[in-house]
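Given the sequences, and given the hints that come with them, work out the whole structure.
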Amino acid sequence: MPSLTALDATRLVELFEALRWSVREADGVESARLTLFRELLHELDAEEKELILTITADFYLHALDSYQASAARLADMVAVSLVDGHDFVVALPLQRPKDVGLPKSAGLALYLLRHELAERSRGATWRFCAWDRLNLLNQKAATRTNALILLVDDFIGSGTTARECVAAFRREHARPSDKVILCAFVALSRAAEALNAEGVDLIAANPLQRRGISDSTRLRDKVAALATMDNIELRLKLGADYRRGYKQSEALVYMARCPNNTFPVYWADTRKTGGVWPAPFRR
Amino acid sequence: MNERYSGANLALLIETIRAREGIDLLLERGLDVAQIADLLRAARLGGFIEQRESGETVPTDAGLRFLSDVAKSTPDESSGWVTRAERHRVPNIGAFDVFLPEAPPGRHD
Numbered sequence: 001m002p003s004l005t006a007l008d009a010t011r012l013v014e015l016f017e018a019l020r021w022s023v024r025e026a027d028g029v030e031s032a033r034l035t036l037f038r039e040l041l042h043e044l045d046a047e048e049k050e051l052i053l054t055i056t057a058d059f060y061l062h063a064l065d066s067y068q069a070s071a072a073r074l075a076d077m078v079a080v081s082l083v084d085g086h087d088f089v090v091a092l093p094l095q096r097p098k099d100v101g102l103p104k105s106a107g108l109a110l111y112l113l114r115h116e117l118a119e120r121s122r123g124a125t126w127r128f129c130a131w132d133r134l135n136l137l138n139q140k141a142a143t144r145t146n147a148l149i150l151l152v153d154d155f156i157g158s159g160t161t162a163r164e165c166v167a168a169f170r171r172e173h174a175r176p177s178d179k180v181i182l183c184a185f186v187a188l189s190r191a192a193e194a195l196n197a198e199g200v201d202l203i204a205a206n207p208l209q210r211r212g213i214s215d216s217t218r219l220r221d222k223v224a225a226l227a228t229m230d231n232i233e234l235r236l237k238l239g240a241d242y243r244r245g246y247k248q249s250e251a252l253v254y255m256a257r258c259p260n261n262t263f264p265v266y267w268a269d270t271r272k273t274g275g276v277w278p279a280p281f282r283r
Numbered sequence: 001m002n003e004r005y006s007g008a009n010l011a012l013l014i015e016t017i018r019a020r021e022g023i024d025l026l027l028e029r030g031l032d033v034a035q036i037a038d039l040l041r042a043a044r045l046g047g048f049i050e051q052r053e054s055g056e057t058v059p060t061d062a063g064l065r066f067l068s069d070v071a072k073s074t075p076d077e078s079s080g081w082v083t084r085a086e087r088h089r090v091p092n093i094g095a096f097d098v099f100l101p102e103a104p105p106g107r108h109d
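Chains as they are written, first to last, in our numbering: chain A, 1 to 283; chain B, 1 to 109.
Derived from the structure by calculation, the hints contain no laboratory data. Computed from a predicted structure; not experimentally measured. Each residue gets a CB set at the ideal place from its N, CA and C atoms; glycine is no exception. Be careful, since some hints might not be right.
Claimed, not checked - Which chain B residues stay away from chain A? Per the calculated CB distances, all over 12 Å, these: (1) 6; (2) 37; (3) 47; (4) 51; (5) 64; (6) 65; (7) 67; (8) 69; (9) 71; (10) 73; (11) 104; (12) 105; (13) 106.
To be verified - Examples of chain A residues lying across from chain B (beta carbon under 7 Å, computed): (14) 3; (15) 4; (16) 5; (17) 6; (18) 7; (19) 9; (20) 10; (21) 13; (22) 15; (23) 20; (24) 30; (25) 34.
The structure is reproduced here in structure tokens:
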């Protein structure tokens with residue numbers, strides 16, 4: 001079995017330090033994430049280790065403690081530049097009809113954004129409401145005109161779900177005068193580009209995330225890097241849709257949990273042979 | 001230098017780099033990854049290892065001398081280093097040789 005060298009270990013610790021990820025827990029012992037990364041690297045040959053150490057430098061960790069700040073940033077974006085021309089703003093969860101009633105992270109994002117926007121609407125020329133189900137919009141604001149509708153989620157990955165939600169919203173709930181904008185704490189750039197191309201506006205509280213290998217500025221030979229990643233993924237128990245991340249998103253993102261758009265080497269916890277894979281960001 | 005960064009651990013790290021081995025022995029000695037990284041940085045700063053132009057990290061002459069000195073040294077209880085010095089070697093005995101341990105001091109039967 002390949003082993004971790006002292007240089008690999010040092011590079012890993014320096015990577016954690018650069019990313020400001022904790023190397024130790026509060027009680028001084030090695031952090032669980034560092035241990036899992038060490039175990040992950042232990043599974044890999046030299047080329048695979050090099051790839052993981054290189055692309056992890058671009059990993060975007062937006063854990064729960066970042067949510068409030070992202071909600072505040074989104075609220076500022078809405079209140080400062082998007083609300084012009086609208087006297088009524090509504091925030092709703094970005095949810096597919098089949099997900100209504102299920103606890104999803106969109107509900108958490110909406111909850112945090114609601115309080116931030118409510119605060120900013122006090123004394124403003126615009127009125128603000130938030131509801132946790134799309135069908136409440138036409139029950140509670142049937143006579144609205146020229147409303148700004150915010151469909152909120154914490155993360156937009158491939159954009160497939162977002163597209164489905166927007167289509168359903170437009171079909172079942174929207175009025176011709178509604179202006180619909182997707183709001184996310186974090187989004188992948190390819191999803192934003194695809195949605196924009198279809199006339200859907202998206203704002204994100206943080207920089208749009210590019211594909212971890214195909215858009216990397218750190219890798220010279222991306223074809224070889226993708227082949228190396230494919231080779232690692234052969235060892236994981238995965239559905240075909242999840243190779244290189246859901247819909248080949250190639251994401252390097254962790255939110256409250258790990259999105260399946262992220263490369264599965266970081267989150268898949270089962271080997272093809274049935275044993276446990278040391279995934280540092282288990283779902 | 002505290003116990004984690006003892007001469008024994010430093011020697012083991014340099015030897016690990018010289019032999020291009022993994023860190024398993026250092027982990028078995030109770031060091032964690034961050035401590036191994038600190039030890040490697042200390043070895044670099046101390047001039048015991050260096051990176052060549054090819055990118056390979058190898059022990060320097062000082063590092064090799066340090067390894068040699070440790071190999072000749074007497075056992076150090078604080079580090080638990082098992083010396084390879086000549087005077088600590090026990091000659092092999094055959095399967096049919098009778099071995100009588102020496103009596104402890106003060107005991108004469």
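Verification of the supplied hints:
| no. | hint | verdict |
| --- | --- | --- |
| 1 | 6 | holds (16 Å) |
| 2 | 37 | violated (4 Å) |
| 3 | 47 | holds (16 Å) |
| 4 | 51 | violated (9 Å) |
| 5 | 64 | holds (16 Å) |
| 6 | 65 | holds (19 Å) |
| 7 | 67 | holds (15 Å) |
| 8 | 69 | holds (20 Å) |
| 9 | 71 | holds (19 Å) |
| 10 | 73 | holds (22 Å) |
| 11 | 104 | holds (42 Å) |
| 12 | 105 | holds (43 Å) |
| 13 | 106 | holds (45 Å) |
| 14 | 3 | holds (3 Å) |
| 15 | 4 | holds (6 Å) |
| 16 | 5 | holds (6 Å) |
| 17 | 6 | holds (5 Å) |
| 18 | 7 | holds (6 Å) |
| 19 | 9 | holds (5 Å) |
| 20 | 10 | holds (4 Å) |
| 21 | 13 | holds (4 Å) |
| 22 | 15 | violated (10 Å) |
| 23 | 20 | violated (14 Å) |
| 24 | 30 | holds (4 Å) |
| 25 | 34 | holds (6 Å) |
Figure legend: structure checked against the earlier numbered hints; hints not met, in rising order: 2, 4, 22 and 23.
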